[in-house]
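Visitor: These protein sequences, in sequence, are chains G and V. Residue 88 in the numbering used here sits at position 88 of the first sequence, with consecutive numbering throughout. Residue 41 in the numbering used here sits at position 41 of the second sequence, with consecutive numbering throughout.
Any given hint could turn out to be false.
[Claimed, not checked] Some chain G residues close to chain V (C-beta under 7 Å, calculated; not the full set):
1) His20
2) Ile23
3) Leu49
4) Asn56
5) Gln65
6) Gln71
Just so you know, the hints here were simulated from the structure itself, not pulled from any lab data. Beta carbons are placed, not taken as given, at the ideal position from N, Cα and C, and that holds for glycine.
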Amino acid sequence: MPISLKDLENALKNAIPISHLEIIDQSSGCGESYAVLIVSEAFEGKLTLARHRMINELLKNQIAQMHAFSQRTLTPKQYAAELAKGNV
Amino acid sequence: MYSSMRLFARPARLPRVLSPNFPTYASRRFLSQEAREQISKAVKADPVVVFMKGTPDSPQCGFSRAVVQILDLQGVPVEKLKTYNVLEDSELRNGIKEFSDWPTIPQVYVDGDFVGGCDIIMGMHQSGELEKLLEQHNILPPLPDATPKTS
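All chains, full assembly: derive it from the sequences and hints.
Guide: Here it is as structure tokens:
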């Protein structure tokens, strides 16, 4: 079964506090390829690798069914800084 | 730069000590101790090791392409880079995911330590962390214009 945007959103929101979430379906609809931007205070004090591992674990079942998965993980503070720089 | 890694080729016939119906612990989902050791050796054998789809000259996936391009851009010398094409070995393709506890390909190792996949390498490249890491590990040759300070 293809992974839907809603699946990803629910899996993330049920697991960690999310202050901002962008999910882009890059598969033109087949549910095989997603890029996500996740802003959460749960990332505070964690290196990028640890953040990505956290998300990989949360979305283990979904990622296993996809062809491609790309993520960006920011804390609310970092997200605000990126917004100010126009990077997001 | 590229060589295939037939880590998992098993002997055609294993001695049948156990009954044929005995569940094999080397079942597909779990990395055998032997395979784990071989990957562990492989990631330590070269300063930079990349598990990718395709080869640096002919990458078969945009993420793998991005990673080898970044390493090239950073100036990682070919002799310090080793790539393994997971498309040539499906057991390596799955084994490396379990070994690194990382669900996607490409995967980059520096001096035996897992650094990350495409997103992380890209992010580290943009932030300058990657250059710092490669310098720390003496993978990048010294900059030509870096003149040692003398008093």
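Visitor: Give a verdict on every hint.
Guide: Against the structure, the hints come out as follows:
| no. | hint | verdict |
| --- | --- | --- |
| 1 | His20 | 17 Å, violated |
| 2 | Ile23 | 15 Å, violated |
| 3 | Leu49 | 6 Å, holds |
| 4 | Asn56 | 5 Å, holds |
| 5 | Gln65 | 10 Å, violated |
| 6 | Gln71 | 6 Å, holds |
Of the numbered hints stated above, those contradicted by the structure are hints 1, 2 and 5, listed in ascending order.
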